[in-house]
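Protein chains in written order, with numbering that gives the first Met the number 0: chain A, 0 to 264; chain B, 0 to 264.
Don't take each hint at face value.
One copy or any two copies: either way a pair holds, since identical chains are not told apart in the list.
[Said to hold, decoys possible] Listed below are the simulated BS3-like cross-link pairs for lysine-lysine, each with C-alpha atoms no more than 27 Å apart in a straight line:
#1 Lys189 to Lys62
#2 Lys79 to Lys165
#3 Lys238 to Lys156
#4 Lys175 to Lys49
#5 Lys98 to Lys165
#6 Lys177 to Lys79
#7 Lys175 to Lys62
#8 Lys79 to Lys175
#9 Lys210 to Lys98
#10 Lys62 to Lys222
#11 Lys12 to Lys104
#12 Lys62 to Lys177
#13 Lys177 to Lys148
Hint data in this document are derived by calculation from the structure and do not stem from the laboratory.
Protein chains: 2
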Amino acid sequence: MPTPAAKRQRSSKDVPYHLVYWPGIPGRGEHVRLALEEAGASYTDTAHIKDGINEVLEQIDAKNTGDDTCPPPLAPPILKHGDLTINQTPNILLYLGPKLSLAPKPGDDDEDGLYIVNELTLTALDGLSNEPHDCHHPIATGLYYEDQKEESLRKSKDYVSNRLPKFIGYFERVLKSKASGDGPWLYGGKLTYADLVLFQCLDGLKFMFPKAVKKLADSGDYKGVFTLYEAVKERPSIKEYLASDRRQKFSQGIYRYYEELDVIE
Amino acid sequence: MPTPAAKRQRSSKDVPYHLVYWPGIPGRGEHVRLALEEAGASYTDTAHIKDGINEVLEQIDAKNTGDDTCPPPLAPPILKHGDLTINQTPNILLYLGPKLSLAPKPGDDDEDGLYIVNELTLTALDGLSNEPHDCHHPIATGLYYEDQKEESLRKSKDYVSNRLPKFIGYFERVLKSKASGDGPWLYGGKLTYADLVLFQCLDGLKFMFPKAVKKLADSGDYKGVFTLYEAVKERPSIKEYLASDRRQKFSQGIYRYYEELDVIE
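Hey, can you work out the whole structure from these sequences and the hints?
Encoded structure:
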């Protein structure tokens, strides 16, 4: 029987954030990086630390049983801040968002807006990150793409003709809602981390399914979504980040380019 | 160009919660119901309102552009509370959890514990709800199971031999961590909504993959997880709820029983 949880210390958190993520791919860690970069926050990143991969491997080792107040994380991205170790991309963003002024915070008049930012983030990750990943791994994440190529093609065809337009169309509708407010952003007339997530997903989709994304852009039906994409890209901090060597290239992560999957129906 | 977002009113929320979900299946709505039932909260539910399905259809209609402060939801479950309309299962639970004393709240000494409860919930939903759903719909949610039977069998075999033990093993490890505290619960020695989510996922998996779940239970390697399952089932409010006609039976929702997919390797 475990001993009682040690009482969490409300320790000073005036320390840099520390991101634990696989070196070599932007992956899900990139959503966290974009928030930190936009806010100009001080952070360290295993992607840029010598042997940083060892920290990823230690954290997700099946023998890791966490510490007194935090259970072991299942998978990266993992954020360490003070005595807190947390995982799950939308959870890390939920933690960071109010602190980085990228989402409403408790006590704000619009404090419930945090649940809007969180729901939009979850929906973008579901439909524009997890589903694209499954397009090249529809049967098993533990198998190579080469072992599920036929199924991948079948799923990709469905994705670009049905799912992708559904999700992009949904975000276009969100951008047209009164709740989105003025300007190019999804919610409340201000940039939130949900906008950064949508940008990153679109950037990955442009890499993975260039033909299908071009078709959507050319249709003129999703002007709000593509305007948001450009507006994020032009944020001064983001622009500087994207041009830096901290920005890793898409390769064999969530978003992958396989010519045979770059289909349009 | 949308008009500026109307300022959200911090209106009294001393009104019942209203759950908007498909009638006839427990589905993702059930996670919300279990939290409300455990807490003895006052709520209404389209599953038990005449023509309740019409409200679901109105909410997810492609012409719905939301209201002054909330964008349209993509999909049920949807929670309405005062002037707030939100969707995404883990987001609704995040909103309800602190209010229903099923998670730490802002201002608590352990306020950061909310991010632990949220991450465990996200992980349970990823691996024990979304992945099982994809076992019968690996290629396209818009196609019938009958149109993707071969791929479903291939995915199910991988799921029960690799993914299911991975996730159940992870939660067993969480239960062994100091952070879980005393008693059968995942975090902090107290029941949280993450426990209710894990219970509901296991209940669905027992329906969908009875052989594989029995094998895991019989192995004796996951005693913590199965003890938690029984402990939730014996909570007085949950027990009463499960025996009531408000508890809908599993059928053709997230968790489905197809004899041919009930495999063990």
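Comparing the hints with the structure gives:
1. Lys189 to Lys62: Between copies only: 24 Å across chains, 43 Å inside a chain, cut-off 27 Å.
2. Lys79 to Lys165: Between. Shortest inter-copy distance 24 Å satisfies the 27 Å Cα cut-off; intra-copy 35 Å does not.
3. Lys238 to Lys156: Classified as neither: same-chain Cα gap 33 Å, cross-chain 45 Å, threshold 27 Å.
4. Lys175 to Lys49: The answer is neither: 46 Å in one copy and 32 Å across copies each exceed 27 Å.
5. Lys98 to Lys165: Neither way: Lys98 and Lys165 sit 32 Å apart in one copy and 33 Å across, limit 27 Å.
6. Lys177 to Lys79: Classified as between; 18 Å across copies, 37 Å inside a copy.
7. Lys175 to Lys62: between (49 Å within a copy, 11 Å between copies)
8. Lys79 to Lys175: between (37 Å within a copy, 21 Å between copies)
9. Lys210 to Lys98: Result: close neither inside a copy nor across copies, 38 Å intra and 46 Å inter.
10. Lys62 to Lys222: between (49 Å within a copy, 17 Å between copies)
11. Lys12 to Lys104: Both, since 17 Å and 18 Å are each at most 27 Å.
12. Lys62 to Lys177: between (49 Å within a copy, 14 Å between copies)
13. Lys177 to Lys148: neither (43 Å within a copy, 43 Å between copies)
Checked against the numbered hints given earlier, the structure breaks hints 3, 4, 5, 9, 13 and satisfies all the rest.
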